[in-house]
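Participant: First to last, the protein sequences are chains A and B. The first sequence begins at 1 in this note's numbering and counts up by one. The second sequence begins at 96 in this note's numbering and counts up by one.
Just so you know, the hints here were simulated from the structure itself, not pulled from any lab data. There may be inaccurate statements among the hints.
Subject to a maximum C-alpha distance of 27 Å in a straight line, what follows is the list of computed DSSO-like cross-link-like pairs (lysine-lysine) [unchecked claim]:
| id | chain 1 | residue 1 | chain 2 | residue 2 |
| --- | --- | --- | --- | --- |
| 1 | B | K420 | A | K24 |
| 2 | A | K62 | A | K37 |
| 3 | B | K279 | B | K366 |
| 4 | A | K24 | B | K414 |
| 5 | B | K414 | B | K366 |
| 6 | A | K40 | A | K24 |
| 7 | A | K27 | B | K144 |
| 8 | B | K635 | B | K366 |
| 9 | A | K72 | A | K27 |
Bear in mind the structure is a predicted one, so any value in this text is a computation, not a measurement.
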Amino acid sequence: MIEEMIDVASEEGLHTRPANNFVKLAKGFSSKITIAKGEKSASGTSLLKIMKLGVVQGDSVKVTCEGEDEAKAMEVVRAFLQGDASVAGREETGS
Amino acid sequence: MIKGIAASSGVGVGQAVVMTAREVPQGSVAASKAGSAADGGSPPGSDEKQRFRAGREIALSYYQELVQRVRTAASEEEAEIFEGHIEILGGEDLEEGTYVLLETDTISAEDAVRSFCEETAQEFEELESEYFQQRASDIRDIGSRLAEAIHFGSIADLGDIPEESVIVAEELSPSATARLDLGKVVAIVTEKGGRTSHAAILARSLAIPCVTGVPGVLAQVPAGQLVAVDGDSGEVWPNIDPRNDQQALAGFRQRASSSHQLKEQRREWSKNTPAQTADGRAVLLSANIGTAAEAEAAREIGAAGSGLVRSEFFFMRVKEFPSRKQQAEEYRKICAALAPHTVTIRLLDCGADKPLPYAQQGPEDNPYLGERGIRFLMNRSEQLRNQVEAISEVAAEGYAVKLMIPMVISANEVQVVREAAHGSVSIGIMVETPASVIALDRLLPEVEFVSIGTNDLTQYILAVDRGNAGVAPLYQEFHPAVLAAIDHVVNHSHAAGVPVGVCGDMASRPASAVALLALGVDQLSAGIDAIPDLKAALRKVKSQDLENLARQLLSAPDADTARKAAEKLVQDVGRPWE
Numbered sequence: 001m002i003e004e005m006i007d008v009a010s011e012e013g014l015h016t017r018p019a020n021n022f023v024k025l026a027k028g029f030s031s032k033i034t035i036a037k038g039e040k041s042a043s044g045t046s047l048l049k050i051m052k053l054g055v056v057q058g059d060s061v062k063v064t065c066e067g068e069d070e071a072k073a074m075e076v077v078r079a080f081l082q083g084d085a086s087v088a089g090r091e092e093t094g095s
Numbered sequence: 096m097i098k099g100i101a102a103s104s105g106v107g108v109g110q111a112v113v114m115t116a117r118e119v120p121q122g123s124v125a126a127s128k129a130g131s132a133a134d135g136g137s138p139p140g141s142d143e144k145q146r147f148r149a150g151r152e153i154a155l156s157y158y159q160e161l162v163q164r165v166r167t168a169a170s171e172e173e174a175e176i177f178e179g180h181i182e183i184l185g186g187e188d189l190e191e192g193t194y195v196l197l198e199t200d201t202i203s204a205e206d207a208v209r210s211f212c213e214e215t216a217q218e219f220e221e222l223e224s225e226y227f228q229q230r231a232s233d234i235r236d237i238g239s240r241l242a243e244a245i246h247f248g249s250i251a252d253l254g255d256i257p258e259e260s261v262i263v264a265e266e267l268s269p270s271a272t273a274r275l276d277l278g279k280v281v282a283i284v285t286e287k288g289g290r291t292s293h294a295a296i297l298a299r300s301l302a303i304p305c306v307t308g309v310p311g312v313l314a315q316v317p318a319g320q321l322v323a324v325d326g327d328s329g330e331v332w333p334n335i336d337p338r339n340d341q342q343a344l345a346g347f348r349q350r351a352s353s354s355h356q357l358k359e360q361r362r363e364w365s366k367n368t369p370a371q372t373a374d375g376r377a378v379l380l381s382a383n384i385g386t387a388a389e390a391e392a393a394r395e396i397g398a399a400g401s402g403l404v405r406s407e408f409f410f411m412r413v414k415e416f417p418s419r420k421q422q423a424e425e426y427r428k429i430c431a432a433l434a435p436h437t438v439t440i441r442l443l444d445c446g447a448d449k450p451l452p453y454a455q456q457g458p459e460d461n462p463y464l465g466e467r468g469i470r471f472l473m474n475r476s477e478q479l480r481n482q483v484e485a486i487s488e489v490a491a492e493g494y495a496v497k498l499m500i501p502m503v504i505s506a507n508e509v510q511v512v513r514e515a516a517h518g519s520v521s522i523g524i525m526v527e528t529p530a531s532v533i534a535l536d537r538l539l540p541e542v543e544f545v546s547i548g549t550n551d552l553t554q555y556i557l558a559v560d561r562g563n564a565g566v567a568p569l570y571q572e573f574h575p576a577v578l579a580a581i582d583h584v585v586n587h588s589h590a591a592g593v594p595v596g597v598c599g600d601m602a603s604r605p606a607s608a609v610a611l612l613a614l615g616v617d618q619l620s621a622g623i624d625a626i627p628d629l630k631a632a633l634r635k636v637k638s639q640d641l642e643n644l645a646r647q648l649l650s651a652p653d654a655d656t657a658r659k660a661a662e663k664l665v666q667d668v669g670r671p672w673e
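Kindly produce the complete structure, drawing on both the sequences and the hints.
Facilitator: Take a look at the structure:
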């Protein structure tokens, strides 16, 4: 299991659209991905719970990845949260 | 036959599509629970779970169709938001949350879904960011649609309507019309509303026959019933039997097709006829519009661009303040439809008679003197910046677009907007407050153009509320004070080299439009449907007539005398397209 604090740089944070892209991306990995802000945490495949975290630009979130492809998953999640929206599309078509 | 208010001319015959909010009854106790307890068989709530899953399938396919439609008709961004709703609908949270409620309580699947969504919505409302607080209404919407699907086995759809539909509704909200496939609508009937309700304005601009204020029509028209609508007489025949009323039906169809044909002839004539006077003086005649669909209608009727895009129409169609990106997308569509002509976008003009539901403006004692027009935006700097930047962005892409500021009273208001625009777009003001007329010389150095909003200007100068029946006769556009104000604005603006347009109702009627030209106005921006009549009227007047009229207008002792002088010039215009 790996864990990392990531500063959310993307303009829309985890609004409906990017959050849904995040879910798509998380579903592409066999690892279990969890995202937490403050006290609350959400499974990376649960859109409603992710949105209830209310993540906006500038927030610091804790991401946990656990599974075979955890290193790759963390790399992609980090890029996504740091504002590189293109990784969502790449995972979708690539895997 | 029922009589209502004739709101948009023409005759339409078609199948009734009844738009009512379908109420899913609350508190319906699950029948399955008692049964399963008695036979001791299936686990608690299992039948309701089954109903939940069946309803969810229906709701999912509804949302999938919606995504497709929004993707082609509106924008990729909006489509992706609905894709998020699909994920929520099909996701594990909603299912688990609903199942927990069904297992612990004797309630129906409908109530479980709504109760879970309500609870979730309240959690969103407690979040810090305004964006997430507003998601509460999305969640409630998903809940009520899912409940509808479970209860009725379908979701009432506004887009998937038959060809030749007659829309029958209590009232048509902007969000409902945004979902409607207007290409299939042959007529609109509403139980409430008058000539200026949203449905009426929309119907006129798209040349769809419309009757508003039809008492009891919803109760009298079953869905799918054949209905005939006469938008000239305000008559609605709610119940045509295709077998027994063959003759009447043939008559309506005949009238519908000839009214349609006549409208086409009129539009075609207008499209191919330049706006010019009898002696060949060209007139810049543009259209007042609110949406991209109207921009296309304006182009097809031969308008030279738009002198007034009411951006509040876009704001009213969405559930929250649109982002800069969403706005730019909408403005780009409008500009592209009218290119190469110039499009003048007015900054959000809400408040007073046009409240924005999500703006949370408290009640005002005097809304017409309150937080409206630029005042609303001055108090919300983020929204001001978003809109100004969206317009600037479209201008920077090379579209001929101008930005117009409503309700201006001082130079500072223009300076704030100009600062946000970074100098990339041409900026002008609506002249509609007495202050902007009297102190115009302070404003002219700040602007590239002015446009007189004659509706508000008349009401403010005369201190007459035109919506108040008790004083309505006092609302006179030809009042000497109003004409003197227009004359003052034209003279001072021209002396400063600033062009003057008019985008109020005065520009939409032949007599007053001719009066404005006589007073020296450079551009008229009128309702889309008024443009053929205006072109026809212009072809009857000569430059000499206008000069004479100007003298008569400015020396007239009262409004009646001035109005009659203008009307005399356009009395025998007729219908050159027939």
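Participant: All hints are to be evaluated individually against the structure, with a verdict given for each.
Facilitator: Going through the hints against the structure:
A distance of roughly 23 Å separates the Cα atoms of K420 (chain B) and K24 (chain A); the hinted pair therefore holds under the 27 Å criterion. With a C-alpha separation of about 6 Å, the suggested pair K62 (chain A) and K37 (chain A) falls inside the 27 Å cut-off, and the hint holds. Simply put, K279 (chain B) and K366 (chain B) have alpha-carbon atoms about 23 Å apart, close enough for the 27 Å limit, and the pair holds. At most 27 Å may separate the alpha-carbon atoms for a hinted pair to count; K24 (chain A) and K414 (chain B) meet this at roughly 25 Å.
Using a Cα cut-off of 27 Å, the hinted pair K414 (chain B) and K366 (chain B) is violated, with the two alpha carbons roughly 36 Å apart. Distance restraint check for K40 (chain A) and K24 (chain A): the Cα-Cα separation of roughly 21 Å lies within the 27 Å cut-off, and the hinted pair is therefore satisfied. Taken as a hint, the K27 (chain A) and K144 (chain B) pair is honoured in the structure, with Cα atoms around 25 Å apart against an allowance of 27 Å. Restraint check: the Cα-Cα separation between K635 (chain B) and K366 (chain B) comes to about 18 Å, which is no more than 27 Å; the hinted pair holds.
Restraint check for K72 (chain A) and K27 (chain A): satisfied, since their Cα atoms lie roughly 13 Å apart, inside the 27 Å limit.
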